[in-house]
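Place chain B on chain A using the hints.
Residue numbers (the working numbering), protein chains in the order written: chain A, 1 to 341; chain B, 1 to 623.
Honestly, the hints are just simulated from the structure, not real lab data. Since no wrong hints were added, every one of them can be taken at face value.
Here are the simulated lysine-lysine pairs, DSS-like style, with alpha carbons at most 25 Å apart:
#1 A:330 <-> B:202
#2 B:168 <-> B:204
#3 A:325 <-> B:436
#4 B:151 <-> B:163
#5 B:604 <-> B:524
#6 B:112 <-> B:620
#7 B:151 <-> B:105
#8 B:204 <-> A:330
#9 B:151 <-> B:113
#10 B:568 <-> B:457
#11 A:147 <-> A:136
#12 A:330 <-> B:436
#13 A:267 <-> A:246
#14 A:330 <-> B:427
#15 A:325 <-> B:433
#16 B:433 <-> A:330
#17 B:571 <-> B:524
Each chain is listed here by its residues.
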Amino acid sequence: MSTDTAPKPPQSRDDFISGQEVRWCPGCGDYAILATVQRTLAKRQIPREKYVFVSGIGCSSRFPYYMNTYGFHTIHGRAPTIATGLRCVNPELSIWVITGDGDGLSIGGNHLIHCMRRNVDLNILLVNNRIYGLTKGQYSPTSEISKVTKSTPFGSIEHPINALCIAIASEATFIARTLDTDPVHMSYVLSRAAEHRGISFVEIYQNCIIFNDKTFTPITGRDTRDDRMVYLEHGKPLVFGKKKNKAIKLNGLDPVIVDLDDSQHQKDLVIHDEKAKEPHYAYLLTQMEYPEMPVPFGVFRAIERPTYNKLMQNQIDQAVSMIGKGDLRKLIYGSSTWTVS
Amino acid sequence: MVDASKMTEEKTKTSKPQSKMSSIIVRFAGDSGDGMQLAGDQFTDTTAVMGNDFATLPDYPAEIRAPAGTLPGVSSFQIQFSDQIVSTPGDLADVLIAMNPAALKVNLVNTKKNGMIIVNESVFTEQSLKKANWQTNPLTDATLKDYQLLKVPLSDLTKNALKDHPLKLQEVERCKNFFSLGMMFWLYDRSLEHTINWIQSKFKRRPEIVNANVAALKAGYNYADITETMPSQYKIEKAKLEPGTYRKISGNTATAMGFVAAAHIAGKTLFYGSYPITPASSILHELAALKNFGVKTLQAEDEIAAIGTAIGASFGGHIGVTGTSGPGLCLKSEALNLAIMAELPLVVIDVQRAGPSTGMPTKTEQADLLQAMFGRNGESPIAIVAPRSPADCFRMAFEAVRIAVKFMTPVILMSEGFLAEGSEPWKLPEIEKLPKIEINHPSAGKTPFMPYARDPKTLARPWAVPGTPGLEHRIGGLAKADLTGGVSYDPANNQKMINLRAEKIRRIADDIPEAVVNGPESGKLLVLGWGGRYGSIYQAAQEIRRGGQEISFVHLNYVNPFPRNLGKIIKHFEKILVPELNMGHLLFLLRAEFPGVNAIGFNKVQGQPFQVSELVAKIKELL
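Same shape as in the complex, but just chain A:
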C-alpha cells in the first residue's frame, strides 16, 4: 500500500480527533486519557487508518466515537472477543481495547482472562474508577469494602478485585499501571504498550467526578503522591518519597519500606526487573497497596511470548508448506466417490 512507503506528513493530535462531540461529564478523567492517547498515537509513525479502537459498555467505552480512527463500540464486556477476531484476520492493525472496571472485570472478566492468556496482539486499556458511572453510581468489582453506593446503602461487603493480579494470573506479557493526572507517565506507558508484541494490559487510575470523586486522591493527590506512589523503572531500585529517601526491601516474601538516609539500608534494595521470567515478583508489586505501602506505577512486567495470532498463522503456513494449498475440488470429492451413469 502506497501509504506505507511514501513519506507522510507528521500527524498531530488533531488528526486523531473525530467530529463527534465528546460527552463525558465536565472534569471527567477520561478527557485526559483521550487527549493523551491522541497525542501519543500522533507521535508514532503509523497512519491513523491502521488504528482500531474497540470498546464495550460504560463511560470510557464511548472512547472509539471520539477517535478519528476505525472504531467499534460493542456490547458489555465483549470487546476483547471482537478485537481477538479482528486481530486473527488482520496482522497489520494496531488494535486498542478500551474497557472499564465493570466492563472488563465484572461482566467481561472471562474474556479478559482468556484474551490475556492467549497473548493476542492487542492493547487493553482498563480505565479503573472503582464505580459504575454510566448506570449512575453502583459499586464495581474494584470498589473498596464498606463502600457506600446506591446499591450498597450499608456498605459493600465484597472484597475488591485487583486488576493487575488478574493480568499476572492470566500470564499477560505486558502489564502496567498509570493514572489520568500524569499525562507524561501515561504517554510513556501507552507507547510501551503500543510497541509490545502480544497482549498489553494497562490499568489507568481514573477519577469519576460525579459518583466517586477523589477515590484515588489519598494516593495520587498533589500533597500525598510523593510518599504514596512509587514509579517503577527497569534496573533501578524502587525509590520514592518527597526527598527520594525511601525504597523497598524484601523481608522474606514481604516488601518493606526502608529509609535510605540510614546507610545500612542502602544495599539489598529491590531492583525493578520487568523482564523477570517468573511472575512472582510482579505479583508481589501488585500487593503493595495503600495505606500500608506506596502504590507502584509503571511497567510491572514485559516479557516475550509468541502471539496467538502469529501462532495461528504459523499453523496455516506450515500446513500449506507441508501438504500444499487446499484444493476445493479434492476436499469436496473426498477419498471415496462413486459414479452413476
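Leaving out everything else, chain B in the frame of chain A:
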C-alpha cells in the same frame, strides 16, 4: 456351535438362495462402548460403494459411557438403503442387531413385527437381564414371538474365532461389532473389501488389531453363510440416482465444506469461532483440520466469545461464522443483535437439539425457530435459512454466506441433530458452477465516506475494511444516524433506520428462489414443511401417491423471509398441514404472515424425527 474361524476364507459364492428386495432398514444397537456407530458407518460406506441410495440416523446417549448394560447406555445406528430414492433413515427396522438385553429392550419398539432380530445370546445372563429391567428372559418367553429371532452367541463366536490371536480378552471382546457387521454383509451380499481396507488403514500401527478385526469380520460373514438360521440372502440392486459423481456425506461435514467453499469463492479467509456443544462440535473439528485452506478456527472461552470473535473477523473484512446449538444461541443473542445493528455479515449455525434448557442434547428438534426469529431485544429482523437433508447442508451453508455478505446482515442457518449426524449420498457439485460471491470493499472517494449509505437495490451498507485510508469510521450498538452512522437519538431517525433494516431483510426475498409445489398446484391439502422434515414429507407423499391419491407439498429452505410466491401458493389450497418437530413455530409464522390461512399443525417433540407412517396417517385423515 459352528467354529467359524476354521472355515475357509473368501467364500465367493453362497449355496443359499438369494431373494431380491427393494428397500431394507437395518438397526445396529448396543452399549455405547460396543462400537455400533462404527459398525453402522462401515455398513453405510459399503452400501454407498454398492450404489444403493441410503439415509442414516445415529441415535446415542449424551453420556459418553453410561454404566455398561443399562438402558441409558444404549447407542444405535439405523440405515435405510434401497434401489429407490431414499430420503429418510426409515421408520421401523427390518433387522435389529441387539448386542445386549438393554439394546433389545430399548429398540424393540423400533423394529417391525415379523422383522429379524439378531441378539448376542452370550450376554443374556441373569445379571444383564436384570440391569436392562427384563423380568424374564425374552429369548425364552413369548416376548419375541412376533419376530424372527436369531440367537447368536456373538461374544463366544468372536472369542472362538480369535482364540489364536495375541490379544487381551478385553480387546477380543471389542471385535464383536465386526463379527456382527460381517453377518450383515453376508445377509445383504456385500463385499468386505471396503471395510477391510478401512481396518488396515485405521489400525496400521497395530497389525495384531488389524488381523483380529479382519478375522472377526470374516468369521461373522462365514457364520451367516453356513448357519441354518439364516436361510437366504437378500439382494438390493443399485438405485437409479441422477447421473453424476457421488460421495457419502453427513450434515455437519457438508456444512463445514459449504463454508469453506463460500469463503474460497469469495476470496476471503473463513474464520470460525465456536464453543464445544453437542451436536455442533464436529463442524469445529472439521474446520480446525483444514489449515491448508487458510481456515482460521478459534475454540472460544464461551458462546459469547465465539460469536464475538466471528463478528470481529467480519468487521475485519472476512467471513465470520459461529456455530452452536440452542442453548448457545440463547447466549449469543446480544452479540447477534450487535451484528444486526452494526449491519455486518455473519453466519450463525444453530444445529438444533431437543430443548428446552439442556434438554436432550443428542436428540433432534426444530424448536429454535421462534428464538431465531424473535430472540433478541428491540426490532431485530434476521435472515433464516435451513437445509433439508445432510447433503443439502452444503448448499445452504454456502447460501447463508452469500446472503450475509450481499445484504450485510447476520444469517442464521438452522440445521438440526438429525441432519448433522445423518448421512446420505451427495451428488457432488461442479466447483466451476458454484454461485459467485462478489464482494466490493469501498475505497476513499472524493466525497466524505458514508458508512450507512445504502445500495439502492439491496439496501446493504458498504463494507469498509479497517486499514483502508480515508474511510475511518465508527460503528456500534448505539442507534445510528442515517448515512453517517454517528450516534443519534433522533426519534424520526430511529424509526427510519429500523424501517430500513426490516426492508433490507424483506428484499432478500427478491434474491432467493421461489417456492416450488411438488404435486398439483391447487387442491384440498398442501403439506408445508421446512428444514430437516423434507425427507419424511417426500417419502410420505410418495406413499400417498402410490396409494392412488394426489398430494402437494412445498418445502422451505428459506424461512425468513419466505419465498416471495408462498402467499400465492397457499391460496390455492383449502388446508395447509405444517409438520414440525416443535409445537408450531412455522405455523405461528404462517398465521402472522398470512392472516386467515387455514393451517393445521402436526407436531412432535420426542427427540426423534417423524416416521413416514405417522405423516401418511395424518395426511390421509385430512384428505
